[in-house]
Amino acid sequence: MALDRWIGLILLGFCLVYGYTAWFTMDGNLAPFMKRNPIWPSTFPKLLSVIGVVTSLVIVLGLEKSKPKELDIDYRRLMDYNLGQAVLLLALMVAYALVLRPLGFLFATSAFLILGSFILGERRWHIMVPVALIATIIVWYLVQQVLGIYLRPVPYFVGG
Amino acid sequence: MLEGILLGLQTAFSIEMLLMVIAGCLIGTFIGMLPGLGPMSIIAIMIPVAISMGDPAAALILLAGVYYGAIFGGSTSSILLNAPGVAGTVATSFDGYPMAKKGKAGKALTIAAIASFCGGTIGAVLLMIFAPALSSVALLFHSAEYFALMVVGLSAIAAFAGAGNVAKALMMTILGLMLATVGETTMAPMPRFTMGLMDLQSGLGFVTLAMAMFALPEALFLVLKPSLSASGESGEIKDLRITKAEAKSIAPVIGRQSLQGFFIGVLPGAGATIASFLGYAVERNIAPKKEQDEFGKGSVKGLAAPETANNAACTGSFVPLLTLGIPGSGTTAILLGALIALNVTPGPRLMLDEPQIFWSVIISMYIGNLVLLVLNLPLIPYIAKVLSVPRNYLIPFILFFTLMGAYIGQNNATELLILVGFGICATVLKFADYPLAPLLIGFILGGMLEDNFSRSMQLYDGFGFVLQRPMTLGLLAIAVILILLPTFRNYRARSASVADGD
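Protein chains in written order, with the numbering used here: chain G, 1 to 160; chain E, 1001 to 1502.
Derived by calculation from the structure, the hints in this document are not laboratory data.
Any given hint might turn out to be false.
[Stated by the list, open to error] Only pairs whose alpha carbons sit at most 16 Å apart, straight line, appear in this in silico EDC-like list of lysine to aspartate or glutamate:
id, chain 1, residue 1, chain 2, residue 2
1, E, Lys1430, G, Asp74
2, G, Lys46, G, Asp27
3, E, Lys1225, G, Asp74
4, E, Lys1102, E, Glu1354
5, E, Lys1225, G, Asp80
[To be verified] Cβ-to-Cβ under 8 Å is the rule here; a few derived chain E residues that face chain G:
id, residue
6, Arg1391
7, Val1420
8, Ile1424
9, Tyr1434
10, Gly1462
11, Val1466
Every residue, glycine too, gets a C-beta built ideally from N, C-alpha and C.
Input sequences plus hints: build the corresponding full structure.
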C-alpha cells in the first residue's frame, strides 16, 4: 500500500475520532435552552465528520485511481537526502520556541540564525556572525520600536 | 459625475497629497513583505498617524496608499518565498512561487505588479460607475447564499486539483474545515476540540497554519534536496520583461478577473480571499487543456488571475463601506473606524453631504495604483535579489520568518510548537502528493462558512433554507456537479483506455 493510502487511513482514524467527539461527547454539556435551537455547536462538525469519513474511505479503498507522478522527493529513498540536516533544523526550531521567552529575543534569534547556517554547513564565522547580529537587531527594531509589538529583548534575569 | 471627478482631482493633486500616497505605498510595501503582517494590521498600525493629521481626505489617501502597498508587498513574499502572509495572496503563491523557482522571479513580480495595477484601476472605474446601484444588489445576498457561494468556491478548488487527485484535494479541504472548528464558536460560548488545552481556546492562527503549510515544507525540501534550489539561483533576474505573447495571454484574464473580482468584493464578507481563489479556479477551468496543465507549475495566467481579482475585490469592498456604511472586510472595518474617528460617517448620505471625501477616495485609488506601479517596477530587480542569497543563509532566514510570523500574530510561544508540528505533518503530506493549498483555503473559509451556515439554519429553523431559496439551491447544485464531473470524466477516460492495458 502506497504512502498516500496509509495517510488516508490515518485521516480516516482522525475523522472517526473527530466524529465521535462531535456525535457523542459534545452535546452533553449543552445548556437546556440551547437544545431548542435548530443549530448546535456540534451540527457543523457532525456534517464534516460524515463527509470526511466518506472521502477518506474513497482514498483508502483507492476508488479514484491516479497515475503515479514524478515527485520532487521520493519518500522511499528518504535516507539518501540530507535527512540529518532537516531533523536538526526542526529540533533547532523547537529549541527556539522554548527559549525565546526565557532567553530574550536578541540572544535566541542570533543563536538561531548562526546555528541554522552552521547546520547547513556554513563555516565562515566572520560572515555568519555579523549577518545574524545585524538581521536580529534590524528585525527587533522594526517589530518592537516601529510596530510596537512587545518582544522581550534580553534574558529574564536581566529584566525588561 | 464629471463634477465629482474634478472635485476629487482637485483634492488629490497637491504636493502634500502626492507625498502622502508615495509614503503610504512605500510603508505598505515594506511592511507587507514581512510574512504575518497583512494590510489589516498595517492599516491598524497607521491609524494613529492618519488620525493625527486631522484632514479626512489626506488620512484616507495615506491609508489607501498603505493598503495597496501592503497587498503588493504580500504578493512579493508569496512569490519569492512561498510564504503568503495574508489570506488574499495565498492563491498568488500557487503559480508565483513555481515561476520564481524557475528563475523567473523578476517576471513574476512584474506580472503581479501589472495585474494588481489593472485590477485596482479597473476596479476603481467600476466603483465609480456602479457604487450606488451595487449596494442594493449586495443586499440581496443572504447568509444562505454566502454559505452556498463558499461551498462552490471550496468544491471548485477541490475539483480543479487535477485528474485523479480530486478525493485527496477534497479530503484536505475537509481537514481544513475541521481545523477551523477548533476553538470557540461565535454562537455558543463553548470550546470545541481543544482537548482541554488553553492555547487552542481561540483557535489555530491563520498565519501559523499558512507558514506550516507552505513555507516550512518548502524550506525542508530545499534542505533535503539541495539541487531543488539550484535552479532559482542560476537564472539571475535578467528575464524581467514580459513578452508580447505573454501579455496577450494575460490580457483577457485581467479583463475577466477585474470584473469578477470586483463584483465578489462588493458582496459584504466575501472579499479578496474568495475572489482570488475563485478567480484562480475559474481561469484554470476555462483555459485550454494544454494551458490547464501549466497551472500550478508557473503559469502566467495562474499568477495574473488571483492578483487581478484580489486587487479588484479590494476596491469592490469599498462599495458597501462608502454607500451603506457596512464594512465588507476586516480592512474596510478598520477604515470605517478611522473615518468615524475623523468625524465622517460613511453611508448613503456620504455622497451628498461630503462629496469631496467620496471622490478623493476614488481618485486616490488611481493615484495609489499608479504610484505603486511606478515605484515598484524599478525596484523589482532588487527585491528579486532575495533569491540569490546563498542557501546557507536563506534557509535559516526563511525558517526564522515563519517563526516570527507565527509569533507576532499571537504573541504566544506555544504557537511556534504548533507551527513545527503542523509543518512536519505538511511535509509528510507533501511526500504523498496531497495538495496543501485546499487545506489552508478550507481553514480560512471555515469560520465564515460555519457562521453563515448557522445563521441560515437559525433563520429558517433547520435545513429548509436549501429548498426555500432558489439561488442557494442553484449554487449548491453547481458545487455537487463540480465535484462529480471530473470524477465522471476521469472514469470515462479510464474505461476508454483500459483496452491499452493501463
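Comparing the hints with the structure gives:
no., hint, in the structure
1, E:Lys1430 / G:Asp74, "holds (10 Å)"
2, G:Lys46 / G:Asp27, "holds (11 Å)"
3, E:Lys1225 / G:Asp74, "holds (10 Å)"
4, E:Lys1102 / E:Glu1354, "violated (51 Å)"
5, E:Lys1225 / G:Asp80, "holds (9 Å)"
6, Arg1391, "holds (7 Å)"
7, Val1420, "holds (5 Å)"
8, Ile1424, "holds (7 Å)"
9, Tyr1434, "holds (7 Å)"
10, Gly1462, "holds (5 Å)"
11, Val1466, "violated (12 Å)"
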